[in-house]
Amino acid sequence: MKLKETKKESKKIFVGVIGAGTCSKKICNTAEEVGKYIAKSGAILVCGGLGGVMEGAAKGVRENGGITIGIIPGENRGDANPYIDYPIVTGFGEGRNLVVIRSSDVIIALPGKYGTLSELAFCLKLEKPVISLGTWDVSERIIKAKDAKEAVKLALDQIK
1 MKLKETKKES KKIFVGVIGA GTCSKKICNT AEEVGKYIAK SGAILVCGGL
51 GGVMEGAAKG VRENGGITIG IIPGENRGDA NPYIDYPIVT GFGEGRNLVV
101 IRSSDVIIAL PGKYGTLSEL AFCLKLEKPV ISLGTWDVSE RIIKAKDAKE
151 AVKLALDQIK
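Read in order, the letters of the sequence shown are residues 1 to 160 in this note's numbering.
Where hints are given, some of them may not hold.
Computed Cβ-Cβ distance ranges for the label pairs, DEER-style [stated by the list, open to error]: (1) GLY78 x ASP137: 32 to 40 Å; (2) GLU150 x GLY78: 34 to 42 Å; (3) ASP147 x GLY51: 20 to 28 Å; (4) GLY78 x LYS146: 32 to 40 Å; (5) GLU75 x SER139: 30 to 38 Å; (6) GLY91 x SER41: 28 to 36 Å; (7) PRO82 x LEU126: 24 to 32 Å; (8) ASP147 x GLY65: 15 to 23 Å; (9) GLY51 x LYS160: 28 to 36 Å; (10) ASN29 x LYS113: 18 to 26 Å; (11) LYS149 x GLU75: 30 to 38 Å; (12) ASP147 x GLU63: 12 to 20 Å.
Honestly, the hints are just simulated from the structure, not real lab data.
Just so we're clear, the structure is a prediction, and the values are computed from it rather than from any experiment.
Here a beta-carbon is modelled for each residue, glycine too, at the ideal position from N, C-alpha and C.
Build out the structure end to end from the sequences listed, making use of the hints.
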């Protein structure tokens, strides 16, 4: 049986947020602010579902009435941070990074380590738009934003 997508569902924008699983309070606060603007725009958050940047963004979305999806690397939904509405378990470990990127229409990247770098590489290879808030500077195709509000605006502009 084939599922039909309704017009309303097909218009939802999925914004991926990537970055460190463990980060400073400042970066977490920025991620939370990004989440707030994602929720206010009516978009849906897609992230890795764990801590750090992912938890900050999910918290910002949830506290502002939005929807969160967490693509979990392990096999247990309980591993998701408390702000994830829909945890998707993969059992893929770091391979779940590709699922995060493919599931998102656009990516907002905050500082992170090699996992974030791998996600950026997938974005570039798949020609997925990326907005940077201080992440790896690896390509001129990555659009730089000065703050969370601008990052979400630029991300949404890439989809329209």
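Starting from the hint 32 to 40 Å, judge whether the C-beta atoms of GLY78 and ASP137 obey it.
-> 36 Å, holds
Is it true that the C-beta distance of GLY51 to LYS160 lies inside 28 to 36 Å, as the hint says?
-> 32 Å, holds
Given the range 24 to 32 Å, decide if the beta-carbon distance of PRO82 to LEU126 lies inside it.
-> Holds, at about 30 Å.
Look at the Cβ atoms of GLU150 and GLY78 and judge whether their distance stays inside 34 to 42 Å.
-> The hinted range 34 to 42 Å holds for GLU150 and GLY78, with Cβ atoms some 35 Å apart.
Between LYS149 and GLU75, does the C-beta distance stay in 30 to 38 Å?
-> 37 Å, holds
Could you check the hint for me, namely that GLY78 and LYS146 are 32 to 40 Å apart, CB to CB?
-> 37 Å, holds
Lying within 28 to 36 Å: is that true of the beta-carbon distance GLY91 to SER41?
-> 32 Å, holds
Verdict for ASP147, GLU63 (Cβ pair) under range 12 to 20 Å = Taking Cβ atoms as reference, ASP147 and GLU63 lie about 18 Å apart, which means the hint holds.
Between GLU75 and SER139, does the beta-carbon spacing fit 30 to 38 Å?
-> 34 Å, holds
With respect to the beta-carbon atoms only, verify the hint that ASP147 and GLY51 lie 20 to 28 Å apart.
-> For GLY51 against ASP147, whose Cβ atoms are near 23 Å apart, the range 20 to 28 Å holds.
Just tell me: holds or violated, for the beta carbon distance of ASN29 and LYS113 against 18 to 26 Å?
-> Given about 19 Å between the Cβ atoms, the range holds.
Regarding ASP147 and GLY65, is the given constraint of 15 to 23 Å on their beta-carbon distance met?
-> 21 Å, holds
No hint from the list above goes unmet by this structure.
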